[in-house]
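Trainee: Below are the chains, spelled out letter by letter.
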Amino acid sequence: MSVQLSQSTLGARERVRVFAEYDHTFEEQAEVVVVGSGPSGAVAAYELASAGHDVILLEEGPPFTVRDLELDGNLSMTRTMREGGLRMTRGTTMPTMQAIALGGGSLVNSAICVRPPDSVFDRWATGFDLERTSRAELDPHFDAISEFLGIAATPDAVQGRRNLLFKEGCEALGVSSEPIERNVRGCRGSGECFTGCRSRAKQSMDVSYVPAAVRAGARVLTSVQVQQVRRSGRRVTGVSGQVVAPFSHGRRDGLGHRFRIDAKAVVLAAGCTATPILLQHSEDLANASGQVGRNLQFHPGVAIAGVFPEAVDPQFGATQGYQSLAFLEEGFKLETLWAPPPLLSIRFPGLGEDLQARFAELPRMAVWDAIASTNRSLGRVRKRFRSLDPKLEWRLHPDDAPILRRALHVIAQIFFAAGARHVLPGVHGLPDLLKSVEEAAVLDSPAVKPGDLVMGGNHVFCTTRMHGDPTQGVVDEDGRCHDLENLYIADTGIFPQCPSVNPMLTGMALARRQAHVLSERL
Amino acid sequence: MTGVIVVVLVAALAFAAQRRTFAAYPPAPAGLAVLHRGEAAFIEGVAEVLFPPVAGLAIPGLDAQLPHYVDRHLAALPRAQRVQIRLLFAAVEHVTLVLPGEEPGGRRRFSRLSAASRIAVLQRLAHHRNGLIRLLVTALRSVLVLGYLGHPANLHQLGLSPFEIESVVSEAEWLFPRVGALKVSIPYGPEDRSDPASARGARPPLEPNGARHRAYDRAGRVSR
Chain A
1170 MSVQLSQSTL
1180 GARERVRVFA
1190 EYDHTFEEQA
1200 EVVVVGSGPS
1210 GAVAAYELAS
1220 AGHDVILLEE
1230 GPPFTVRDLE
1240 LDGNLSMTRT
1250 MREGGLRMTR
1260 GTTMPTMQAI
1270 ALGGGSLVNS
1280 AICVRPPDSV
1290 FDRWATGFDL
1300 ERTSRAELDP
1310 HFDAISEFLG
1320 IAATPDAVQG
1330 RRNLLFKEGC
1340 EALGVSSEPI
1350 ERNVRGCRGS
1360 GECFTGCRSR
1370 AKQSMDVSYV
1380 PAAVRAGARV
1390 LTSVQVQQVR
1400 RSGRRVTGVS
1410 GQVVAPFSHG
1420 RRDGLGHRFR
1430 IDAKAVVLAA
1440 GCTATPILLQ
1450 HSEDLANASG
1460 QVGRNLQFHP
1470 GVAIAGVFPE
1480 AVDPQFGATQ
1490 GYQSLAFLEE
1500 GFKLETLWAP
1510 PPLLSIRFPG
1520 LGEDLQARFA
1530 ELPRMAVWDA
1540 IASTNRSLGR
1550 VRKRFRSLDP
1560 KLEWRLHPDD
1570 APILRRALHV
1580 IAQIFFAAGA
1590 RHVLPGVHGL
1600 PDLLKSVEEA
1610 AVLDSPAVKP
1620 GDLVMGGNHV
1630 FCTTRMHGDP
1640 TQGVVDEDGR
1650 CHDLENLYIA
1660 DTGIFPQCPS
1670 VNPMLTGMAL
1680 ARRQAHVLSE
1690 RL
Chain B
111 MTGVIVVVLV
121 AALAFAAQRR
131 TFAAYPPAPA
141 GLAVLHRGEA
151 AFIEGVAEVL
161 FPPVAGLAIP
171 GLDAQLPHYV
181 DRHLAALPRA
191 QRVQIRLLFA
201 AVEHVTLVLP
211 GEEPGGRRRF
221 SRLSAASRIA
231 VLQRLAHHRN
241 GLIRLLVTAL
251 RSVLVLGYLG
261 HPANLHQLGL
271 SPFEIESVVS
281 EAEWLFPRVG
291 ALKVSIPYGP
301 EDRSDPASAR
311 GARPPLEPNG
321 ARHRAYDRAG
331 RVSR
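Keeping their order, the protein sequence lines are chains A and B.
Using my numbering, count along the first sequence one by one with no gaps and you end on 1691.
Using my numbering, count along the second sequence one by one with no gaps and you end on 334.
What the hints contain is simulated information worked out from the structure, not anything from laboratory work.
Treat the hints loosely; a few may be bogus.
As the list claims (entries may be wrong) - Looking from chain A toward chain B, a few residues come up when the C-beta cut is under 7 Å (computed):
no.: 1; residue: ALA1220
no.: 2; residue: GLY1221
no.: 3; residue: THR1234
no.: 4; residue: ASP1237
no.: 5; residue: THR1247
no.: 6; residue: GLY1253
no.: 7; residue: ARG1354
no.: 8; residue: ARG1357
no.: 9; residue: VAL1376
no.: 10; residue: PHE1485
no.: 11; residue: PRO1511
no.: 12; residue: SER1514
no.: 13; residue: PRO1518
no.: 14; residue: LEU1520
no.: 15; residue: PHE1528
no.: 16; residue: LEU1531
Think of the CB as a built atom: it goes at the ideal place given N, C-alpha and C, for glycine as much as any other residue.
The task is simple: from the sequences and hints, build the whole structure.
Mentor: In structure tokens, the structure reads:
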């Protein structure tokens, strides 16, 4: 273990600030302040710092070292997720999460990196007056990020049985499938992406883009909660807020230190549900269109557990190693899935010995899920009284429910094609177990009502959507707010519609493009 | 005189109601920070019937230290979510005053019912026609499943405990201190890097039946 540190190392550390170091109220200046260190914010900060700009990256959560990662999935969520991981939508009730940590959601997601197909961008272009947001336009950004993060297909050596069974099931049915591309280097198959990668194989932002931004000269301030974007006329002048203790859920814990950052430009990358709240708390900033907080979309997800006759050893293998894009045009994408077993098991049917019988099946179990493009199902983000936590109103449109029913049916078919003995559909009103393809047909019947489905709100979009028409959207194609000269938004809120695939890579590519444009304008 | 009788009657009824609903709980297990003894007794009462002793799992619900797990969970939650979960406990504990158990004297709080009556009540609520009442059981079950199945002994028995993984040092470990610590406490420098992205970080995949985290070999709860 070394104790002699080079000047560059010491210099890099000097540019990082953590909670224990705040001992007074402070003010700082920068060319650009980036709010939020998730994938989009981290990329923006790195690109701007690399271009020679003076950048401050702000993050409300703390950095997590390997020793800070909690193995218990539930307790991990209380530390890494806002609202302790218990955030729910209203209307159609569904859990949804937002991370609070250096690196944002990348610390606790499964590292899936997928480029949306041309058809998604074609819909965005025609429906939202966008001229330069095509797959071809973004491909150079996708390529650069892929190289930086080592994005590659999950190798067979770390797939594990539960992922390969999905492949076998798809092959038996003639459905295309492929290993998932992930921002991972040297995955060992521990299956614990959702509680943070102890192997440090996952290239989450806290081990990749954020350190690179620091090396490039960016200052990183953690445990700071931005409460207001400051404005003067058609320009913003910076942000202000307060220091918050780690795991305090936004409470000041008696410190009361406030801060103000003055900057020539502000990039909001606080996340699709936090950015609109911040704008609403900043005297309804950037909302001449009335679209801030509106158009809320998710990729609602449904999942089925399948039980095989033989051991699956599900604890081993990439958390999400295989996928099928064969049904994108029907509105859903299929994936394999693993999570800490207690979290997976809360959906198991039964009470008492019936429930425990399901637990005992876990070593022979795999779980596969679908994320759906439900573009008719819209909602809204509103601020709460004296809180920066959002009120999320969202309702599954009746015409979108068949997409989820069909997805469930397809997953069950793949399970039986792979040799599953039975599946646990997790749908209210259906039998606890379905034991054949014939029985599984009930999943795609109108007997399954929207309220019977158990969904999770996986990805969040569109609350500050990008639109060529300033009356219809919050930001333009460069991510700049239509109403303001120097306020940019770089998170999945700017997506005009859901991207049909996991959004992290698209968000990063858009942020990279924005950063280059902003760099030229500074 | 009538007034005195009315006052005495009301007082007696209030005392009886208080005894029936709130009092006479056993002492709380030692070491609880958030839960009061009534909540601890309620959790034990649910755990006993939700997770009876069965083959295939190492320990039953009563041995899984669930009040302590729930206590730790609640302590880590924001106040709003903590209040919601405690209200959930109170609702199910007292729902049997409105929807009584089927045994004689079933109009008692949940934790004072017999085990057979408790599981019957949960079954009835879990299949209730009112979705909100069903949701009570779903939420309660979720809170306790997380603690029960997450118990190291049960995960170990099922072969689902986390893998033993050698500690590595990435750029994050030499740039950031542990949560809450000062940067001067960082024990690493760039030369210590051993993560897979570094020159000497390559390690083979784990084995499906490979070594598991040492803390999960023990019967008690752990926190790293």
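Trainee: Each of the hints needs a verdict: does it hold here or not?
Mentor: Each hint, compared with the structure:
This hint is violated: A/ALA1220 has a C-beta 21 Å from the nearest C-beta of chain B, more than the 7 Å allowed. With a cut of 7 Å, the hint placing A/GLY1221 at the interface with chain B is violated, because the nearest CB-to-CB distance is about 21 Å. With its C-beta approaching chain B no nearer than about 5 Å, A/THR1234 sits inside the 7 Å limit, and its interface hint holds. For A/ASP1237, the suggested interface contact is upheld, since its CB lies about 5 Å from the closest CB of chain B, less than 7 Å.
The beta carbon of A/THR1247 comes within 4 Å of a beta carbon in chain B, closer than 7 Å, and the hint placing it at the interface holds. Annotation: A/GLY1253 was flagged as interfacial toward chain B, and the flag holds, the nearest CB pair being 4 Å apart, inside 7 Å. A least Cβ separation of about 5 Å between A/ARG1354 and chain B falls short of the 7 Å threshold, and the interface hint therefore holds. Using the Cβ-Cβ criterion of 7 Å, the hint placing A/ARG1357 at the interface with chain B is satisfied: the shortest such distance is roughly 5 Å.
The restraint placing A/VAL1376 at the interface with chain B holds, with a minimum CB-CB distance near 5 Å, inside the 7 Å limit. The beta carbon of A/PHE1485 comes within 4 Å of a beta carbon in chain B, closer than 7 Å, and the hint placing it at the interface holds. Interface hint status for A/PRO1511: upheld, as the beta-carbon distance to the closest one in chain B is roughly 4 Å, under 7 Å. This hint holds: A/SER1514 has a C-beta 5 Å from the nearest C-beta of chain B, less than the 7 Å allowed.
Of the supplied interface hints, the one on A/PRO1518 is violated, with its beta-carbon coming no nearer than about 9 Å to a beta-carbon of chain B, more than 7 Å. Taking 7 Å as the C-beta contact cut-off toward chain B, the hint placing A/LEU1520 at the interface holds, the least distance being around 5 Å. A hinted interface residue such as A/PHE1528 counts as satisfied when its beta carbon comes closer than 7 Å to some beta carbon of chain B; here the least separation is about 6 Å, so the hint holds. Nearest Cβ of chain B to the Cβ of A/LEU1531: about 5 Å, under the 7 Å cut. The hint holds.
Hint check: violations occur at hints 1, 2, 13; the rest are consistent with the structure.
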